[in-house]
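So the protein sequences, as listed, match chains A and B. Quick note: the first sequence uses our numbering, first residue 1, plus one each step. Quick note: the second sequence uses our numbering, first residue 217, plus one each step.
Hints are not guaranteed to be accurate.
Covered, in the sense of this in silico footprint (three residues per stretch, anywhere, with C-beta under 8 Å from a C-beta of chain A), are these stretches of chain B [unchecked claim]: (1) 221 to 228; (2) 246 to 258; (3) 276 to 285; (4) 288 to 294; (5) 310 to 316.
Quick list of simulated restraints, FRET-style, between CB atoms [what the hints assert, rightly or not]: (6) B:Pro257 x A:Glu11: 15 to 21 Å; (7) B:Glu274 x A:Pro187: 42 to 48 Å; (8) A:Pro187 x B:Gly238: 47 to 53 Å.
In the DSSO-like style, the derived pairs of lysine-lysine whose C-alpha atoms are separated by at most 30 Å in a straight line are [claimed, not checked]: (9) B:Lys319 x A:Lys146; (10) A:Lys176 x B:Lys319; (11) B:Lys319 x A:Lys25; (12) A:Lys4 x A:Lys27.
Rather than coming from a laboratory, the hints here were simulated on the basis of the structure. From a predicted model like this one, the values you see are computed outputs, not experimental measurements. C-beta atoms are modelled at their ideal positions from N, C-alpha and C, and glycine is treated no differently.
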Amino acid sequence: MEIKVVRQIMEWNEDVSQAVKDQLKEKKVCMINVMGSPGAGKTSLILKLIEKLRNIYRIGVIEGDIAGQIDAETMEKQGIPCVQLQTQGACHIEAMSIQHILPMFDLDDLDIIFVENIGNLVCPAEFDIGEAFRIAVLSVPEGDDKVAKYPLMFSTSQALVMHKYDMLPYFDFDDKRVEEDTLDINPHAQIFRVSSRKGDGVDELVEWVKASIQTA
Amino acid sequence: MHELPVTTSICHIAVEEAQRIGAKKICRIIICQGEYTDYVPDIIQEYFNLVSEGTLAEGAELEIRKIPAVIHCGDCGKNSRGAHFRMRCPLCGSRNTELRSGKEFYIESMEVEEDGD
Chain A
1 MEIKVVRQIM
11 EWNEDVSQAV
21 KDQLKEKKVC
31 MINVMGSPGA
41 GKTSLILKLI
51 EKLRNIYRIG
61 VIEGDIAGQI
71 DAETMEKQGI
81 PCVQLQTQGA
91 CHIEAMSIQH
101 ILPMFDLDDL
111 DIIFVENIGN
121 LVCPAEFDIG
131 EAFRIAVLSV
141 PEGDDKVAKY
151 PLMFSTSQAL
161 VMHKYDMLPY
171 FDFDDKRVEE
181 DTLDINPHAQ
191 IFRVSSRKGD
201 GVDELVEWVK
211 ASIQTA
Chain B
217 MHELPVTTSI
227 CHIAVEEAQR
237 IGAKKICRII
247 ICQGEYTDYV
257 PDIIQEYFNL
267 VSEGTLAEGA
277 ELEIRKIPAV
287 IHCGDCGKNS
297 RGAHFRMRCP
307 LCGSRNTELR
317 SGKEFYIESM
327 EVEEDGD
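Given these sequences and hints, build the entire structure.
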């Protein structure tokens, strides 16, 4: 016999994601999910944002990696409270992991949590983790076809950062194409051209982050 | 690889629903999947064969029905079929659009055997 079910397959993650979202809202903490390939410069970008935002906001970081704690050590050197999340091989972070980690922070003492997701252009995009918004990072050396090839992540992010933008003269990277491809799949995306190393474009991104935190 | 937790969830939900009505075996699970999601049906079936072992869902076949991505254009007012996650209206080129369907991912129904079937 046939029975009707109609249940969301992602329900386990969506329920927890909503609980995380509610908890953070109550504590007035804005969580930002930073996604992109390994080597896109997610850690450098987060460090740069922290440098510019830490005089106004109290910031914490969750570093997602498959193994090790290199990034957490980098954050701690900056005096930023940081928890390293090791996924033991899993290719993405789920809301449940964030829920387990939040008690390790004093949420009354934070305004922003950056989550550096696992370096991966595919899987993390499918999993809400309770974030207020997402930033996708695509670096110039990765190539200008990535938005077209891996659309989901770029279609679900509120902002795209074309990172290592100072490398533009050395690569055949058509930044206009990336912009067009992104807007085709995500018409409301905000697009930034940033070099964390040289500092170009950082201020524009910082202003957008500040404005987004206000409305989150 | 993100299909593994997804498949585990499919199996979990199916078994829970089957137990609720006292079914003794799940034969088929019908899943609706929007075109603007990123799960690979073949991988889901492969994983399913593993994660369903020893449960009521062991041996069940998954039928994944695609739900087309439909884009509604705020400028020309028409609906059209989307492809490759694009949100641009294929008729007039506008980006003033919204997705009417294509993000679905749920278990729609199941075929089960009850005692005495």
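Here is what the structure says about each hint:
1. 221 to 228: Contact hint for the segment 221 to 228 of chain B vs chain A: holds, 5 residues under 8 Å.
2. 246 to 258: Contact hint for the segment 246 to 258 of chain B vs chain A: holds, 5 residues under 8 Å.
3. 276 to 285: violated (count 0)
4. 288 to 294: Not satisfied, violated; 0 residues make the cut.
5. 310 to 316: This one holds; 3 residues, not fewer than the three required, reach chain A with a Cβ under 8 Å.
6. B:Pro257 x A:Glu11: 15 to 21 Å: Given a distance of about 19 Å, which is inside 15 to 21 Å, the answer is holds.
7. B:Glu274 x A:Pro187: 42 to 48 Å: holds (45 Å)
8. A:Pro187 x B:Gly238: 47 to 53 Å: holds (49 Å)
9. B:Lys319 x A:Lys146: Holds. B:Lys319 to A:Lys146 sits at ~21 Å (cutoff 30 Å).
10. A:Lys176 x B:Lys319: holds (28 Å)
11. B:Lys319 x A:Lys25: Holds - the C-alpha atoms of A:Lys25 and B:Lys319 are around 26 Å apart, at most 30 Å.
12. A:Lys4 x A:Lys27: Violated - the C-alpha atoms of A:Lys27 and A:Lys4 are around 40 Å apart, more than 30 Å.
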